[in-house]
Amino acid sequence: MVSERVGTLSESRGGTGARGVCPFCSCGCGLRLLHDGLHTVGSAPVLKHPVSQGRLCARGWASHEPPAWGGRLLAPEIREGGERRRAGWDEALERAARELRALLEVGKAVGVLVSGRCTNEEAYLAAKLARGPLRTGHLDDPLGASYRALLAGLCPEGPPGEGGRALEAVEHSRQILLLEGDLSVTHPRAALAVLRAVRRGARLVTLGLARTPLSQVAAVHLSLDPLRPFALPPDLLGALGGGNGRPPEAPPTVLLAPFTSDPRIVAATVRALAEVLGSSGPDGGTGARFLPLPFRANTRGVLEGGVAPDRLPGGLALDDPQALARLRQVWGMDPWPRPGLDAAALLEQVRGLVVVGEDPPRSLPAPAKAREALKGLESLVVLDAYASATSDAATVVLPVAALQETEGTLTSLEGRIQGFGPAVPPPGRARPGWEVLFRLLELLGAPSGRAALGAVRAEMAEVVPGFRSLVGSSAEGEDMPAVARAGRTPEPDLRRAGAQGGGDAFGSHVLVLAGAFDWDDDLMVDASPTLRRDGASRRKLFPQGSVTMNPADARALGIRSGWSVRLRSRQGEAVVPVSLGTSVEPGVLLVPFAFREALSGVLGGEAAQRVEVERT
Amino acid sequence: MIAATRAEPDGRWVLPKENAGAWVERLLEGAQVIAPVAGPEGEEVYDVVRTPHQVLWDFVNPLDPPKRFVLPQTEPLARIEKTDGRFRVEPIHDEAPRVFLNLRNCDLQGFHFLRRMHAADLPDPSFLRRFDSLTLVSLACTRPCPWGFCICCEGGPFLREGYDLQLTDLGGVFLAEVGSAKGRKALEAGQGLFRPATEAEQVRRLELEQQALRSFGPETCHFGSAMRRISTRRVADELWEAMGPWCLECGGCNLACPTCYCFSVKDRSEEPWRGNAGGEGSAEQVWTRCRIWDSCQYQAFTLEASGHNPREAKRERIKRRFYHKVSAQYYRKDQALGCVGCGRCILVCMGTTDMPSVVAAIRKGRWEGGRL
Ligand code: SF4
Ligand code: SF4
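Residue numbers (my numbering), protein chains in the order written: chain A, 14 to 629; chain X, 730 to 1101.
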């Protein structure tokens, strides 16, 4: 029998909320998270927030959904004889420590992967775990390489200082150069800054592999050569200057997003840009200011917390004697000073791995390889709020609170360090991530301080410069690095990158992997019923993947949208359906990043390949 | 059209400001009170109040819409339990008595728009029960808000009907106009705290309304001519196409809009919270069927199971939104414009395609990039 009952409008349905920071992209929008005491049930815009000023993109408006609707990890688990079983916290933590210690004792490599959806505090403790008791430099964020590639062309010593007002500066720029995948999707708040500047009369030049919404409002769109994007269009400066062949009068603002999955190509392109913009103009440079755009909410903070194979906390160099001495003093143990492998490479090499809030097959360019590598590990300790392919393969699962259920800070693309509190308690037996990492550090023998977030922050303030003034934002400092630093970048190894270009006559078209990340592949987007639809429908429509083709090419081949083509490169071949779009140039076939796996055989590990295209 | 009855001529009282707190105290005894309060970032938000001094009486209309309290972003509709392979479905109704205090009149008009939608065709009991247990006390705007254009769409600033009680700040006192039996009850809760309004106070109320009408700023929105152009198909597709890149598909215009009500329905597994919630019984699995806010500006909103999407392109979605809000066809169907002039879309728009900007573009037949 169906009975009725009177519910209560818990205060939270409409009102009471916790201060939140959007957990998706790095723009750093603020919001109010509404809850019913148990679930997060709403996201509300905040007019007085300095970044978002009352606005949120579709992801921000749905930022309460992932923790309430996602597949959550609820209790610690350990693998025994091929089966996983629930365990108590002490047992699971001791087991994790024992597995990792056993590998270290026999000299087997271990590594740590940390996601840009972790808090600064979690990232710092994970970096300390790696360079402290685990004595390894195999430490990375799977999306870190593409962010470091942007920085490597500009300021090799680390990301720009904590200015906090870079987006405002974009809005008031007179000339803007935008290197993008599709900024309106990757970083909507930054896209609004560009739209506002254009509305104010700024001259916008877009640069990329595809035509995007922002390229439609640009004065000029310049296409990059997909095989040699670092060989910039010759008319770049003229385009910025007003199309009359003169360089720009005002210092241009340059927004940089990773537009391809190969960090070497990204770094070379950024460096080429820095050279072009730095070597012209009356005083020997245009005075261009660069704004690199990390993908995830805390990609920047995770790097600054020390998560990189070649940096120390604070983004400092591994051979910086002062930084090492300070770490030794603060940690009470010697920090591991040697570089390690990046995320993709370390997965192939290590026997034991700690993964914090990440599902590498979703974020690395080669998902199948990542999945295989995870399965082959002797120890895989996973700290996450959500179940994933990675937690499925774990030997120890340590369930942690989602960002909406914990206290912490995130560092935005502008360098704003923003704090937030828990809106609701974590479900089941999940614990805050910082607390779990703290206990793991203790069990692995790191001298421990007080188990309190305040104590962790105090420690960070000693070694991470941005944390010394832990306030909402610092108006001081540098918003964007100037181009002058570009010259110090080491020459990237491009022997492989773009090698299929120049002079090679093979292939009628170029197959290109779009971007270096796809929100439709993101675990939190997948956990949100509102946000997951676009990706899910694309996957349903094209279970075998697809490529986007210019309608002119389709006409020449005599095919229509949805028909399949055979693509043949020197690496392999595949039959895939095409969808048509004028966003791609004739002669180019774009592979959505989320479909990279279906085309991996043809791409052969490269970001672009020449291919022959045939009707099937 | 409007659910409540017309204000009676004798229904004018005043509440001296020093009595306002005591009145809220009395209202709190019989109902939950929702009112504008200071939010965590120091800005006004609607929230459930615990004590009278939280209530704001002089405030800018909160950006986050009060519609959350009648149509929550995540609204539990039913509890579904599975035991021994059998399912049991239990509707969740929410009809606790509530007083919505200091609602602005544009939002009050939005509430009635929502009620009409949910009462029409197949009536929606979940919405109607919650709505009908609300007492709506509006506070008329004697100063227009900086971005509002309610004057262009019968949304305010003062109303003749629709409220249960309409308050006007006369300085030292609030003048209260009774609009319904529920309003009278709210007034009676303050027995001894109100007194009948004097002739001079009633004249002052009218003067303030005239003053408010005269002080609207440049933010206006000429719906009439836009409606004529839309309804006679004189808006070229190129106009919608040109707007496309200036909308970032955030959906904010819909989600913050007092009259938008599109939704989807999903089942949320209660597994993760079973331990925390307590008293979950012996069911093997428990779900909550929820209605969640949706936006016609999202690409997958109109996606059909076959994979076909009738509004795949952004220009089609933008066109659809304004067709629903501004066309004569929908005006007749909905008995009102789909806009109450609150101006929230101006503030939340991640792009520049808010209502006044688009209405201006429709009138001019030209898109110039919208608002700065
Ligand atoms: S622009 Fe980025 S930070 Fe802002 S709401 Fe959207 S995803 Fe979140
Ligand atoms: S019109 Fe503005 S508010 Fe609406 S979806 Fe587009 S960007 Fe968002």
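Check before you lean on any hint, since a few could be wrong.
EDC-like mimics (lysine to aspartate or glutamate), calculated; alpha carbons at most 16 Å apart, straight line [what the hints assert, rightly or not]:
no. : chain 1 : residue 1 : chain 2 : residue 2
1   : A       : Lys61     : A       : Asp49
2   : A       : Lys61     : X       : Glu772
3   : X       : Lys1093   : X       : Asp966
4   : X       : Lys1062   : X       : Glu772
5   : X       : Lys914    : X       : Asp861
6   : A       : Lys61     : X       : Glu770
7   : A       : Lys553    : X       : Glu1033
8   : X       : Lys811    : X       : Glu938
9   : A       : Lys388    : A       : Glu361
10  : A       : Lys121    : A       : Glu391
11  : A       : Lys61     : X       : Glu773
12  : X       : Lys1048   : X       : Glu928
Keep in mind that the hints were calculated from the coordinates and are not lab data.
Which numbered hints fail: 1, 4, 8 and 12
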